[in-house]
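Peer 1: Sequence:
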Amino acid sequence: MTEHTIDPAILEAVQSIAYRFGVEGLEEMIVHANAELEIAKKAYAELASDPD
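Taken in order, the sequence shown gives residues 1 to 52; the numbers are from full-length UniProt numbering.
Keep in mind that the hints were calculated from the coordinates and are not lab data. Bear in mind the structure is a predicted one, so any value in this text is a computation, not a measurement.
Distance ranges between label pairs, derived from CB positions:
# : residue 1 : residue 2 : range
1 : Glu36     : Gln15     : 14 to 24 Å
2 : Glu38     : Ile10     : 10 to 20 Å
3 : Asp50     : Phe21     : 34 to 44 Å
Ideal Cβ positions, reconstructed from N, Cα and C, are used throughout, including at glycine.
When you get a sec, could you build the whole thing from the sequences and use the hints?
Peer 2: This is the structure:
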C-alpha cells in the first residue's frame, strides 16, 4: 500500500463541510465532486486524443 498525503486545503474543505452541514452535506459534496470528476476526466481524455 502506498502512502498518500492529503493536501491540507482539501482536508480543510472536507472538514469545513462536515462541521457546517454534517453527514448530509458530505454526501451532497461527494455527489457534486463525482460529477466534476467525470467532467474533468472527459476533458483530459479529449486533450489526450487531440493530435495538435
